[in-house]
Structures are given as structure tokens and as C-alpha cells.
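Student: Each chain is listed here by its residues.
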Amino acid sequence: MVQPVNPSKSQLLVLLCLCFSGLPQAAPAQEKQQRPDAFRQLDEIWPTPNGERRASGAPGAAYWQQRVDYQIELALQEDTRQIVGSEHITYHNQSPDTLRYLWVQLENNRMRPGSMSERIQGPPSFDGGMSLESLKRRRAAAAFDGGMNILDVSSNHHPLHFVINDTMMRVDLPAPLRSGEDFELDIAWSFIINRSDEVGGRAAAEWFQEDGNWIFELAHWFPRLAVYDDVNGWQNKQFLGSGEFALEFGDYDVRITVPNDHIVAASGVLQNPSEVLSAAQQQRLAQAQQIGNAGPTMIVTLEEATANESSKPSGTKTWHFRADNVRDFAWASSRKFLWDCWGIWSGDQALGEGHAVAAMSFWPKEGEPLWSKYSTHAVVHTLEVYSRYTFEYPYPTAISVNGPVGGMEYPMICFNGPRPDQDGTYSRRTKYGLIGVVIHEVGHNYFPMIVNSDERQWGWMDEGLNTFVQYLAEMEWEEGHTGRWGQPEGIVGYMVSAEQVPIMTNADSLLSSGNNAYGKPMTALNILRETVMGRELFDFAFAEYARRWKFKHPKPADFFRTMEDASAVDLDWFWHGWFYTTDHVDIALTDVKWYQPGPLDPQVKSELNKQARGNPAETLQHRRNAPLAKRADVYPELRDFYDSYDPLDATIAEKRAFERLYASLEDWEHTIVDNPQNYYVLEFENLGGLVMPILIGVLYADGSTGLRRIPAEIWRRNSETVKTLVITEQPVVRFTLDPRLETADADVSNNLWPREQLQPSRFDLFRAKGGSSRGNPMRDSLQEDKQ
Amino acid sequence: MSFRFSLAALALALISMSMHHVLATSVEIELDSESGKLEVAVFFTPRDLEAALTAANGRAIRLDKEDKLEQLLETYLDANFDLLLADGSTATFLWVGQESELRDFWVYFELDAQGSLKGCSIQNTLLAGLGAEYISTVTMAKAGGGKRSLRFDGHQKKLQLDETQGVGDDHPAESSSITHPESVGAAR
Numbered sequence: 079m080v081q082p083v084n085p086s087k088s089q090l091l092v093l094l095c096l097c098f099s100g101l102p103q104a105a106p107a108q109e110k111q112q113r114p115d116a117f118r119q120l121d122e123i124w125p126t127p128n129g130e131r132r133a134s135g136a137p138g139a140a141y142w143q144q145r146v147d148y149q150i151e152l153a154l155q156e157d158t159r160q161i162v163g164s165e166h167i168t169y170h171n172q173s174p175d176t177l178r179y180l181w182v183q184l185e186n187n188r189m190r191p192g193s194m195s196e197r198i199q200g201p202p203s204f205d206g207g208m209s210l211e212s213l214k215r216r217r218a219a220a221a222f223d224g225g226m227n228i229l230d231v232s233s234n235h236h237p238l239h240f241v242i243n244d245t246m247m248r249v250d251l252p253a254p255l256r257s258g259e260d261f262e263l264d265i266a267w268s269f270i271i272n273r274s275d276e277v278g279g280r281a282a283a284e285w286f287q288e289d290g291n292w293i294f295e296l297a298h299w300f301p302r303l304a305v306y307d308d309v310n311g312w313q314n315k316q317f318l319g320s321g322e323f324a325l326e327f328g329d330y331d332v333r334i335t336v337p338n339d340h341i342v343a344a345s346g347v348l349q350n351p352s353e354v355l356s357a358a359q360q361q362r363l364a365q366a367q368q369i370g371n372a373g374p375t376m377i378v379t380l381e382e383a384t385a386n387e388s389s390k391p392s393g394t395k396t397w398h399f400r401a402d403n404v405r406d407f408a409w410a411s412s413r414k415f416l417w418d419c420w421g422i423w424s425g426d427q428a429l430g431e432g433h434a435v436a437a438m439s440f441w442p443k444e445g446e447p448l449w450s451k452y453s454t455h456a457v458v459h460t461l462e463v464y465s466r467y468t469f470e471y472p473y474p475t476a477i478s479v480n481g482p483v484g485g486m487e488y489p490m491i492c493f494n495g496p497r498p499d500q501d502g503t504y505s506r507r508t509k510y511g512l513i514g515v516v517i518h519e520v521g522h523n524y525f526p527m528i529v530n531s532d533e534r535q536w537g538w539m540d541e542g543l544n545t546f547v548q549y550l551a552e553m554e555w556e557e558g559h560t561g562r563w564g565q566p567e568g569i570v571g572y573m574v575s576a577e578q579v580p581i582m583t584n585a586d587s588l589l590s591s592g593n594n595a596y597g598k599p600m601t602a603l604n605i606l607r608e609t610v611m612g613r614e615l616f617d618f619a620f621a622e623y624a625r626r627w628k629f630k631h632p633k634p635a636d637f638f639r640t641m642e643d644a645s646a647v648d649l650d651w652f653w654h655g656w657f658y659t660t661d662h663v664d665i666a667l668t669d670v671k672w673y674q675p676g677p678l679d680p681q682v683k684s685e686l687n688k689q690a691r692g693n694p695a696e697t698l699q700h701r702r703n704a705p706l707a708k709r710a711d712v713y714p715e716l717r718d719f720y721d722s723y724d725p726l727d728a729t730i731a732e733k734r735a736f737e738r739l740y741a742s743l744e745d746w747e748h749t750i751v752d753n754p755q756n757y758y759v760l761e762f763e764n765l766g767g768l769v770m771p772i773l774i775g776v777l778y779a780d781g782s783t784g785l786r787r788i789p790a791e792i793w794r795r796n797s798e799t800v801k802t803l804v805i806t807e808q809p810v811v812r813f814t815l816d817p818r819l820e821t822a823d824a825d826v827s828n829n830l831w832p833r834e835q836l837q838p839s840r841f842d843l844f845r846a847k848g849g850s851s852r853g854n855p856m857r858d859s860l861q862e863d864k865q
Numbered sequence: 638m639s640f641r642f643s644l645a646a647l648a649l650a651l652i653s654m655s656m657h658h659v660l661a662t663s664v665e666i667e668l669d670s671e672s673g674k675l676e677v678a679v680f681f682t683p684r685d686l687e688a689a690l691t692a693a694n695g696r697a698i699r700l701d702k703e704d705k706l707e708q709l710l711e712t713y714l715d716a717n718f719d720l721l722l723a724d725g726s727t728a729t730f731l732w733v734g735q736e737s738e739l740r741d742f743w744v745y746f747e748l749d750a751q752g753s754l755k756g757c758s759i760q761n762t763l764l765a766g767l768g769a770e771y772i773s774t775v776t777m778a779k780a781g782g783g784k785r786s787l788r789f790d791g792h793q794k795k796l797q798l799d800e801t802q803g804v805g806d807d808h809p810a811e812s813s814s815i816t817h818p819e820s821v822g823a824a825r
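Order-wise, the sequence lines are chains A and B.
Start counting the first sequence at 79; every next residue gets the next number (our numbering).
Start counting the second sequence at 638; every next residue gets the next number (our numbering).
Interface residues of chain B toward chain A, partial, derived using beta-carbon atoms under 7 Å:
no. : residue
1   : Ser663
2   : Glu665
3   : Glu667
4   : Glu676
5   : Ala678
6   : Asp701
7   : Gly734
8   : Gln735
9   : Glu736
10  : Tyr745
11  : Glu770
12  : Ile772
13  : Thr774
14  : Ser786
15  : Arg788
Dumping the calculated DSBU-like pairs for lysine-lysine here, alpha-carbon to alpha-carbon at most 35 Å:
no. : chain 1 : residue 1 : chain 2 : residue 2
16  : B       : Lys705    : A       : Lys443
17  : B       : Lys794    : A       : Lys214
18  : B       : Lys795    : A       : Lys847
19  : B       : Lys705    : A       : Lys509
20  : A       : Lys214    : B       : Lys705
21  : A       : Lys847    : B       : Lys794
22  : B       : Lys702    : A       : Lys509
23  : A       : Lys443    : B       : Lys702
24  : B       : Lys702    : A       : Lys451
Calculated directly from the structure, the hints in this document are not laboratory data.
Don't be surprised by glycine CBs; every beta carbon is placed ideally from N, CA and C.
Taking the hints into account, I'd like the entire structure generated from these sequences.
Tutor: Here you go:
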């Protein structure tokens, strides 16, 4: 209900409103606005919710996914680097569809001469010469006789018709496979493992010239079923090298036959330790797996591994592993391996919940002393931190292996490359490079090994999310740990560059995939957590996404929708800007206007007006005319009202009117009139394209500071220019936009008002530090000690 | 078709490179209005830089282990990143330093632009000739809004600096201050 006001107070309020409104309103626009709507809802482009995938981002009641179980036997022939294997596959058609064929992935065919991957490579630049090493690798890659030789495809001893299309093999079923039915088939194959010094890849054999031994790291080494799901049907996009893997869950029973002096690390749990380990090793392993140990226990020591290097195999051994409910299986083998293990508990042991996990590492002596000190610790740290932000680690083992692959992830096992220098010293980059890559690759157990996204299509769904949680884990490793992409300003250089495509781009089409799939989405999530949503809302929503899609196949919209569904925060503007465009953040503080309400007391107003008017400057004629006699001085009767009248004086009528008005005011009105405060109108311009929250740092006249946080929704009606009002008790001497560098603002030189300070450039910062950094200070220090 | 082997071609590169790895650098440049020099900060991934130095010097170079690293860097940068002045001469190269971080490697130097970038070009062959695709993006610091960057690759090695993009303009800070409020209410 509107309260009546007396006429004089009504006039007062009108006066105040005019005071605050600032400059005159702009004339009505003559043309219709064509501004982009940064807050347009994305339901228009996201898939229509259905029984499988709900609008909330959760799996629906009709959600389904296929399942594939494998029984595999293989042999590694060390001298020829050949794998010969056979597998018995049970395909469970849990879809509502009838299938007439199955698609099987043969990723190793990428290394076959003439593969699509080889044929689409662009030429190198020959300008300025080319190293012999580069030429050697080019020629070796072209000549390498890689790829899978399919020896048999059959079912119940009856051959099956199959067609190989590059890295995909279609197996035609003898009869339609109806919903709910299973189909069993057998495949036999062989292939040559690529040498890491000739042909790189996610799997390779590394040759050690000094002792004449190999380390084998094996991945995508067996024919495995492609994903069939509700969104893509068969995900049978060819493997071109960048878009990684899309795989179904299943149980694996794998028997790996290797030279009998090898140590084998693999996904899953070793089933026959008594057949492949010495009595001492079995005892050590049992001891190491007990919960409560203070650190890792060596299963194979440095001395034993060194002795193994000069041994000769007397035959073979078969290592038997089981891995349940995994989407893949990888393994490594060498007689050079040291091995440690640390038994930990996943879950709340006090409540009797959870299970034991064997955290383990395998590495050659070339990895010492770095690996024994950090690898398994980093494995355990990863499980502890990731489980807190997602779900308890569900698998019984987690393994880190050193070999030829720089960093690659598989269920329960990952391959990590960093090693110290030959003298055993190492640089800071090597140390934190190892810790970081172990955290990252072990962290991939959560994304995408368990939250099983489609890597072939979307690199960011596993790499971006995983790099984000990796950053959280690194921040808990030690004080002062910094990640390259952790802080928002770290991604600015990439985001302002022209050499980019949106995050929502197919994995094989990315430019600068490190920034696109890892750095930018990681930074986006970090900003979302710290600046847009806040940690409490973000952490709950992120964990909810992980919980919902654990052991399922999420798509991008499932992630986007869940983050909003679980937080009550409309993030469509954020997904659109950060994931669907190449815009960057550059918000400029373009104008500040300072207002104070004019005083109502006519006497005070009169004095202020006179101060504002000031004294007129004394001209030359004024100065020369001053001594002249004035008639009015000689005849005072000529003076009247106008000789003492000042138009700025308060009149008696005005004074009385104010007294009446003031007496009629209520207490709250007195508060406003007696304490006029300062009113600042700040204008912002969106130069980069991305709308973001506006964070305003305020420095007051007495030296105190404050921070105003304005949600991104301030841009909802105009994503190009906005204004906001800041009311302060004290005058403000400086406004700083984004003072804590939270938003990846590309140009902070336009963030200040007054613009007296320019942000130092990278070059300036380096100069201020005062000099170059050293590469391996550990070695330098040791040398200094010797001198 | 022919291509020449430089001394670098004798290198036995020990750094493994994925066949599909795209080599990339990013470069920040800014004209110092006081000194008249172009300040240059170049970002490399350590792996790419090691490969480049290895190829350029004919022996395996490890950033963490190399005793003459600064000397090698200075030679490499001087040879592969030039500022061509309006009169066609090459700006003098002045080494400043290098900075190694966990996953980044930064190199700093100056090129004497003699106070102006008008009519100047950049010639950039960083990471060229390593047998892989490469991209070098040069970004102008303090360029304001928009994507103010130049892209160099196997096909584009020399680009004119466009002053309309703000390159070389020493954008002075807009002089402003909060000294007097606008007391609208005092007007009659």
C-alpha cells in the first residue's frame, strides 16, 4: 500500500532522485537493438531430455549401456617385440536395439603403413634444414610394419565374417542379437611393438643400450569393442591419434606370458603370486599391503633389479590378472623393474566401509632416487584428494610405471616418464614434473576410467576435469606449489590468441590441444569454483556429477546440466562463453562519476555555491581602475538593495521553508539528509566478449579497502556496456577492477581508476626479479659442496 | 624440390617427438617508450626448446644440464627472431635473461627499434626446421581489446607490424582522477 506524503516532502524526494540520476538520460534509440544475448538459454542446442538422459543432467530411468567381458591370453616375444594373443569376448547387448554387427577397435592399425592417420599428416617444414634425427624418425615411422594382424575371428569355432576399415573392424553376427542377449566370440591376433626411439605413441618398447634390456609398456594392444550408446549408436570414429578412447565396462581375466625374469605390472589384481614371485617377494608384498604402514615397502629392491639386468631368462612365466568393472586393460613388463607397494584404505575404515588398495610403482634404476621417493606417495595422495572431491576410489590397485611413455592413463595403471639425470640429481621441473604427471595420470582413474566420457569426441571432458582436480591435489602437496594453469592469468595468452577453436570442438580438430582440452577448461572450472559459484556450491555439484555418472557414459550436456541442477545457479552464460566461443575476458572500467546529494539547508547550499563560484580573476583593467574615485562612494544615497544582493544568498523564505521541511522529516529521512554519503557511478565496457562477474576493489581515503562482487547477471540486458552504483561513506581514491586476478582478464591496464598504474609486463616482472634462474640447482649445490 | 642441410642437420636429436606434436611458442612484445627498444618475452615448452637447441647445435641439449645455456639461447634467439626496421636494417639484439619454471621456459631480450615500430616487420623462425608443424604467436602487450596477435608458421615467417593494431603505440594511461564530486543537487 502506498503511503500518502505531504507535498513538500514529495518535492524533496523528487529533488533527491534527480540528484542521483546523474547525467541526462540518452535519447530513445532510433534503431532496434541487435545486441547478442549472452544469457540465452542453451536448451536450444543441448539434446532434448529423454528417458536415458534427464533435463537435470542425471541418467534417466531408461538409461542403458553395453557391457563386454574379456578372457585374454597373450605372449610377449622379447627378441622380436611381438605380441601374440587370443581373446574370448562376451558381449552383453543391454541396449533396447537389435544388432546385426559389432564394431571392434584396432587402434594399433594407426601404425600400419598407409593408415588414414599416416596419410592425413601434413608435411614438416624443411626450411632452415632438418635434423637427421627427425628424418630418421620420419622414415622409421613410414617404414614401420605396425598394425594388428587378425589371425582369427570366430564364434564357437565357426568363422565370422569381418571387414577391417582402418582402425575399425566390423564383425557380422551369424544372427541378429536381440536386446538382452549375449554373444560370445573369439579373436586371435599379433603385432609388433614400436620402438620408442623410432615411433612414438601411447605404448612402446624402450631399449636400454647400456645393459641390453627393454621396458615394454602396452596399451590398446588387443581388439576391443567400440561403444554403442543412446547418443551416437556405434562410436566408430577412426583413431587418428589425438582423439583418444571410448570403451565399455567389463570384467577382464588376462594371462600374460613373458620371459621368466620379467616383472609385470598390470590393471587389476595379480591372481598367482606364488607362481611368479619369489618367496621373499611374496612375503614383502603381503607385508606391504597391510593397512597402517607409514610408507611404501620395496618388493623388488634396487640391488635385485640391477642383478636382474644381467640375467638371462631360462623360460617363461605366465602372470594372471583379474580386473573387474573396468573399461580397458594395460600392462608393462621388464626385468629392469624395481617395485614398491603401500597398502592404504579407501573409505571410512572406522565405520567398516570401503576396502584396501595397493598403491604401487614400478621403475628402472634410471628412475632413482626420484621414483622411490615420490611416485607411490603421489599415487596415494591422488587417491586421498580425488576421492574427497568425487567418490571413494573403487578399485583394489593403483599403479604408476616408468618407461618410454611420457604420461598415459589406464584403469588402475598409468605410465609416467620423468627421470633424474644420470648422476642422480634432478631439477625442480623434473621433480614436480614427476609428481604432477603421476597425480594427473592416476587421477584419470576418476575421469574418464570411471566417469566414462567419450574421449574420441570430447577431450576436455576427461582432460579438463582431471587437470582441474589435479590442481586441487597439487595445492595440497606442499605450501607454495604452483601449477601452470592453476591461476586464471595463466590462460590469458592462449585466450587472446587467434590460434584457437572453442572447447566444444571434436578432439581430433583441436588447435593447441594442451591449452584447449586441459588448460582452458581447467581454468574455467577454477574460476567457476572460486569466483562464480563459490566452493560450497561448486564442490557439491561437481561431486554430484561424478556420483551420477560413475561407471556410466556422460555427455557434455549431462555435465553442464548437473552443475546447474545441483547448485541453483544459471550457468548457461558461462558454458556458452567459455566452452562454445573463443571470446576472452577483457572488461574495462571506462568511466567513474562521483555524486553527492546537494545539501537541503539553503544556508549550507549558499556557502557551497559561493565556494564553487570562487573569486573572479583580477584583470589588468580591474587593477588599473581600482584607484579611481567612485561616485557611489561620494554619494552613498545612491546605494540600494542591489549593492549588497548576492543571488547565491539564501533567502529568508528559503530558510523558513527548510526549517518547516526538516521538522516534518522522520528519523530515517534525517539519516539520509544529515549523512549525504558518496555515490559513484562506474561504467564498464566488455571488450573481450566474455561476460563475467564484476569485481571492484575499493581504496578509501583513509587507506582502508573493500571489495564489491557483482554477479555476471549485471550484463543480462546489455553484454557490451553496463553501469553500477557504489555508495560509500568515505570518498574513494581508487577503484580496481578484478584486484585479485580472478577472472583471466586479458588487459588489466584498463582495470584501474584513476589510471595511474599500468600492470607490469612479463618482461618488466622478470627484470624486477633481477636475473635468470638456474636449471638444476641440486647439481650446482653438490658441486659447490665438493669444491 | 630441394632443401638444404644446415649445421643443425647434423644433430643427433635425443629428444623424442610425437609425430603429431605441433611445436608452439608464444611471444609477448612491447615497445618501451623511454628506451626505444622492443622488449620481447618468448615462451617455450621445455621439450620444444630442447629439440630446437639440439638441432641447432648438433648435440643433445638438456635445459637442466647445459653449462652454456644462456650463450646457446642468445645465439638461437638472435638467429631466429628479428625486427626489421623501416630502412631494411636489422635491429640490434640485446640479451636480457632466461627463466625456467615447472612447465614453462621464458627467454627475454630486447631489439633496438630506435623508438618507433612504424614500417617495421618481424621475422620469426622459432622452432622451424624441426621436422614438425610449428606455430609461433606474437602478442602485443597492452594492446587493449580484441585479438592482437600475429601468427607465424611454416608458411608465414615475416609479417609487417600494423600500427593500427596498436603495435608499438605507447598507449599512455588515460589521465583521470577522482578529485571533485559532481554535486548535482547544488545546482538550482
